[in-house]
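Asker: Whenever a hint applies, use it, and build me the whole structure from the sequences.
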Amino acid sequence: MSALAIFNEQKGSWRIPCVSTSNRLPEVVAWTDPGDSAREAVLLSKLGPRGWGRIHEFMHHYGPGWGNGNRPLSPRALAALCGFLAGFSFPVGITPSVFLTDDGHLELCWEDSVGAAIQLEFGPERVEYYVESRGLEGAIRLADIGRLAGILDA
Amino acid sequence: MPISANENIVRAICSDKWDGERVAPSLFKGENTSVSRLALIPLADHWEMFRRHVERPPQRELKRLGEINVGVLAELGASHNPPVHLTVEEKPEPWNPAHAEIPQRITRGLANRIVAALTLHRDAGNQPRTRAH
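Sequences listed follow chains A and B, in order.
In short: position in the first sequence from 1, add 179, done, that's this note's numbering.
In short: position in the second sequence from 1, add 11, done, that's this note's numbering.
Just so you know, these hints were derived from the structure itself, not from any lab.
A few of these clues could be false.
[Said to hold, decoys possible] From the derived model, a few chain A residues whose C-beta atoms are all more than 12 Å from chain B:
#, residue
1, ALA220
2, LEU279
3, ALA328
[Unchecked claim] Ranges of calculated distance between the beta carbons of each label pair, as one might list FRET restraints:
#, chain 1, residue 1, chain 2, residue 2, range
4, A, ARG320, B, ALA89, 32 to 38 Å
5, B, ALA89, A, ARG313, 41 to 47 Å
6, B, THR130, A, GLY248, 26 to 32 Å
7, B, ARG63, A, ARG313, 38 to 44 Å
8, A, ARG313, B, ALA16, 28 to 34 Å
9, A, GLY266, B, PRO105, 45 to 51 Å
10, A, SER216, B, PRO69, 28 to 34 Å
11, B, GLU59, A, SER268, 22 to 28 Å
12, A, HIS239, B, GLY31, 16 to 22 Å
13, B, GLY82, A, ARG320, 35 to 41 Å
14, A, SER268, B, LEU51, 29 to 35 Å
15, B, ALA127, A, ASP323, 38 to 44 Å
Yeah, the Cβ is synthetic: ideal placement off N, Cα and C, and Gly gets one too.
Answerer: Now the structure itself:
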């Protein structure tokens, strides 16, 4: 199963292969909307093929009620994640994990240079943050998301 | 009714909360967290039961079972700042008579400690156990 994304200039969109960890399902190929190209480039460059493919799986397969009555991915949460990723650089060699919460939020997890957890949960109204090394746990509104990198780096 | 501190419980870990490298802390964050009692249903029998119930959509696959002792769970809550009195309450369901819940609200910080204490089981019995971190 290929994990390579291919940008089609005629279509102006990305060809998305299935990057799922599933080995039971047939390969799925989808095309992004042409207007999504910038978003796709950010997701792919910051999250790598695994994280990028997982987000597409959450978008396209986890509908209302997935699991046991859970909520689908919030478009506002995804937009907030992309906005954050566009201006943030992870430490060299670090690829964060991305998860879908039962509330339809996106959860981003990685470790700092000493292995302590850094976690963000992007929802439709706010972003929750957790910095293990400083015992820091809180939330900021999406309108203040520009402050988030400063909180993580402080 | 609270179950004994001697019992062990498991929580299903599906592909939305496991990416092959890390377990999502949100696995235990929040209230009324569903778990299942190994005292009533053996570990090996949980796989098929959980698969029938949680693998929706089919892309959502059951990847691991996370096991923890109820007494250890309570100690993690008691030693957290601020302390949380964690219990596991019987709540049998038609699809799972061993179903139980952790009713208390679990913060992200405490959820991280619980996830780190899990013993992760793979399917197929012969696979080695691994720790979450």
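Asker: Now look at each hint and say whether the structure bears it out.
Answerer: Okay, the hints, checked on the actual structure:
1. ALA220: For ALA220(A), whose nearest Cβ neighbour in chain B is about 21 Å away, the distance exceeds 12 Å, so it holds.
2. LEU279: violated (4 Å)
3. ALA328: holds (19 Å)
4. ARG320(A) to ALA89(B): 32 to 38 Å: holds (33 Å)
5. ALA89(B) to ARG313(A): 41 to 47 Å: Violated, since ALA89(B) and ARG313(A) (Cβ atoms, about 23 Å apart) do not stay within the stated range.
6. THR130(B) to GLY248(A): 26 to 32 Å: At 28 Å between Cβs, range holds.
7. ARG63(B) to ARG313(A): 38 to 44 Å: holds (43 Å)
8. ARG313(A) to ALA16(B): 28 to 34 Å: holds (32 Å)
9. GLY266(A) to PRO105(B): 45 to 51 Å: holds (49 Å)
10. SER216(A) to PRO69(B): 28 to 34 Å: With a Cβ separation near 29 Å, SER216(A) and PRO69(B) satisfy 28 to 34 Å, so the hint holds.
11. GLU59(B) to SER268(A): 22 to 28 Å: violated (44 Å)
12. HIS239(A) to GLY31(B): 16 to 22 Å: Check passed, 20 Å falls within 16 to 22 Å.
13. GLY82(B) to ARG320(A): 35 to 41 Å: Holds: the Cβ-Cβ distance is about 40 Å, inside 35 to 41 Å.
14. SER268(A) to LEU51(B): 29 to 35 Å: Check failed, 49 Å falls outside 29 to 35 Å.
15. ALA127(B) to ASP323(A): 38 to 44 Å: 30 Å Cβ-Cβ, so the 38 to 44 Å window is violated.
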